Every structure is written in C-alpha cells, then in structure tokens.
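Colleague: Between the sequences and the hints, there should be enough to build the whole structure, so can you do that?
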Amino acid sequence: EDKVVQSPLSLVVHEGDTVTLNCSYEVTNFRSLLWYKQEKKAPTFLFMLTSSGIEKKSGRLSSILDKKELSSILNITATQTGDSAIYLCAPLSSNTGKLIFGQGTTLQVKP
Amino acid sequence: DVKVTQSSRYLVKRTGEKVFLECVQDMDHENMFWYRQDPGLGLRLIYFSYDVKMKEKGDIPEGYSVSREKKERFSLILESASTNQTSMYLCASSPPGLAAEQFFGPGTRLTVL
Chain V
3 EDKVVQSPLS LVVHEGDTVT LNCSYEVTNF RSLLWYKQEK KAPTFLFMLT SSGIEKKSGR
63 LSSILDKKEL SSILNITATQ TGDSAIYLCA PLSSNTGKLI FGQGTTLQVK P
Chain H
2 DVKVTQSSRY LVKRTGEKVF LECVQDMDHE NMFWYRQDPG LGLRLIYFSY DVKMKEKGDI
62 PEGYSVSREK KERFSLILES ASTNQTSMYL CASSPPGLAA EQFFGPGTRL TVL
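Chains V and H, in that order, are what the protein sequence lines are.
Each residue of the first sequence is one higher than the last, beginning at 3 in our numbering.
Each residue of the second sequence is one higher than the last, beginning at 2 in our numbering.
Hints are not guaranteed to be accurate.
Claimed, not checked - No more than 30 Å apart at the CA atoms, straight line, and that leaves these computed lysine-lysine pairs for BS3-like:
#1 H:K58 with V:K42
#2 H:K54 with V:K43
#3 H:K71 with H:K4
#4 H:K4 with V:K59
#5 V:K39 with H:K58
#6 V:K43 with H:K4
#7 V:K42 with H:K4
As the list claims (entries may be wrong) - Pairwise CB distance ranges, derived in the manner of DEER restraints:
#8 H:G41 with V:K43: 13 to 21 Å
#9 H:G64 with V:G61: 40 to 48 Å
#10 V:T52 with H:G41: 25 to 33 Å
#11 H:G41 with V:E71: 21 to 29 Å
#12 V:G55 with H:S66: 18 to 26 Å
#13 V:L72 with H:G98: 18 to 26 Å
#14 H:D52 with V:E41: 43 to 51 Å
#15 V:T20 with H:E80: 42 to 50 Å
#16 H:D60 with V:P10: 34 to 42 Å
#17 V:G84 with H:K58: 35 to 43 Å
#18 H:E80 with V:S53: 41 to 49 Å
If you are wondering where the hints come from, they were derived from the structure by calculation, not from laboratory data.
Predicted, not measured: the structure shown is a model, and the values here were computed from it.
The beta carbon of each residue, even a glycine, is placed where N, CA and C say it ideally should be.
Modeller: Below, the structure written as structure tokens:
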C-alpha cells in the first residue's frame with residue numbers, strides 16, 4: 003500500500019529561523035513529488051520534483067528529491083510570519099495517476 | 002488566471018439529507034478530483050474524473066457519488082449525509098498527463114448535524 007509520512011507534524015519557530023520539513027514515501031511506480039502550501043483555504047502549488055538531486059528554488063523556499071532514500075525535503079530560510087501554514091507533500095504514482103498526500107506539517111512562525 | 006470555484010464555503014446539513022457540492026473550473030482541464038481533508042489524516046481522494054461522463058473511485062468512495070456532465074463541472078453527492086462526513090471538501094483540477102500539477106478550489110466546510 004502506498005504510504006507518505008511527513009515530519010515533524012507540527013513546528014513552532016521564530017521569525018528569521020531556518021526550517022527543514024521532511025517527506026518520506028513508499029509509492030508504487032513513483033513518477034514525481036509535489037509540495038503544496040495551505041493557509042486558510044486552498045492548497046497552492048510550490049514545487050514539482052521529478053529528478054533526484056536537483057534543487058528547485060523559489061525565493062526563500064527550496065526543495066530537493068532523493069529517490070534512493072525515497073524522500074524529499076523542503077527548506078525555508080529566514081522564515082516570516084507569512085510562512086505559517088500547513089505544508090503538504092504528495093508523491094504521484096504513474097501506476098494509478100493519483101497524488102498521495104501526507105498528513106502535512108503545520109508550521110507556525112512567531113514574530 | 003487559473004480558477005477553481007466551489008459552490009459554498011460553509012454548509013450545514015442534517016443527517017439523512019442529500020447534499021450536492023459543486024465544483025467549476027475555467028481552465029479547460031480534463032482531470033478533476035474530489036478530496037476530503039481531516040485533521041491528522043491529510044487529503045484523501047474520494048473520486049476523480051479524467052473526462053466528461055467518466056468517473057473513477059478514489060481511496061474512500063463509500064457514501065459518495067459524483068457526476069460529470071460537462072467538462073468544467075464536477076459534482077460530489079452525499080446521498081444520505083451522516084455525521085462522519087463532516088469535513089473540509091476540496092475540489093481540484095489538472096490538465097492531462099500524469100505529471101500535471103493540481104489546482105485547488107477554496108474548499109467547502111461541511112457540517113452534518
């Protein structure tokens with residue numbers, strides 16, 4: 003059975019801190035992995051990772067995939083209160099064509 | 002700008018009522034999805050559709066049905082709502098292709114009393 007585990011489940015930091023969010027997966031016929039940020043409402047897309055070892059970057063956020071370790075990390079540097087959200091990891095199986103979502107990591111950034 | 006809209010942000014229904022949740026996308030996407038989101042469980046796929054009049058069961062289809070009569074609209078139906086269907090319901094759409102990003106609607110928070 004396909005499985006996705008995110009850690010930590012929740013995290014509280016102060017503005018300016020750097021955080022690393024983890025995602026481990028066991029997915030049949032892995033195709034790619036997506037990261038989403040969810041604030042009060044709809045999840046919004048951050049990154050799609052398909053190749054191992056290639057970092058994707060957007061401002062203070064970056065992410066990398068390790069297919070050997072079946073994992074991905076999402077880094078946020080110099081955190082701001084606006085980074086407070088649930089971060090969702092979702093591997094895609096080419097077997098089923100479905101995204102398999104983890105439970106999410108709830109990040110709270112205090113001023 | 003990509004847009005997925007859902008008919009209601011908040012909905013309160015009684016046990017046994019028939020409930021319709023509507024989702025409309027304006028991006029001409031082939032794929033549409035319905036998820037429910039519960040604390041500690043993440044997003045779980047209820048049903049999805051790759052084309053008009055086509056539907057596939059997701060991981061938790063029991064107690065739900067769907068309808069896709071037009072490409073832009075995907076409806077989730079609770080035939081007889083129960084309290085354990087109280088949840089946040091999220092609709093998403095994506096273009097064809099397995100590596101495609103899904104775009105989400107704002108969600109409907111359904112409470113069944």
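Colleague: Decide, hint by hint, whether the structure agrees.
Modeller: A quick look at each hint next to the structure:
no.: 1; hint: H:K58 with V:K42; verdict: holds (28 Å)
no.: 2; hint: H:K54 with V:K43; verdict: holds (28 Å)
no.: 3; hint: H:K71 with H:K4; verdict: holds (16 Å)
no.: 4; hint: H:K4 with V:K59; verdict: holds (25 Å)
no.: 5; hint: V:K39 with H:K58; verdict: holds (26 Å)
no.: 6; hint: V:K43 with H:K4; verdict: holds (14 Å)
no.: 7; hint: V:K42 with H:K4; verdict: holds (17 Å)
no.: 8; hint: H:G41 with V:K43: 13 to 21 Å; verdict: holds (19 Å)
no.: 9; hint: H:G64 with V:G61: 40 to 48 Å; verdict: holds (42 Å)
no.: 10; hint: V:T52 with H:G41: 25 to 33 Å; verdict: holds (29 Å)
no.: 11; hint: H:G41 with V:E71: 21 to 29 Å; verdict: holds (25 Å)
no.: 12; hint: V:G55 with H:S66: 18 to 26 Å; verdict: violated (44 Å)
no.: 13; hint: V:L72 with H:G98: 18 to 26 Å; verdict: holds (23 Å)
no.: 14; hint: H:D52 with V:E41: 43 to 51 Å; verdict: violated (32 Å)
no.: 15; hint: V:T20 with H:E80: 42 to 50 Å; verdict: holds (49 Å)
no.: 16; hint: H:D60 with V:P10: 34 to 42 Å; verdict: violated (24 Å)
no.: 17; hint: V:G84 with H:K58: 35 to 43 Å; verdict: holds (38 Å)
no.: 18; hint: H:E80 with V:S53: 41 to 49 Å; verdict: holds (44 Å)
Hint check: violations occur at hints 12, 14, 16; the rest are consistent with the structure.
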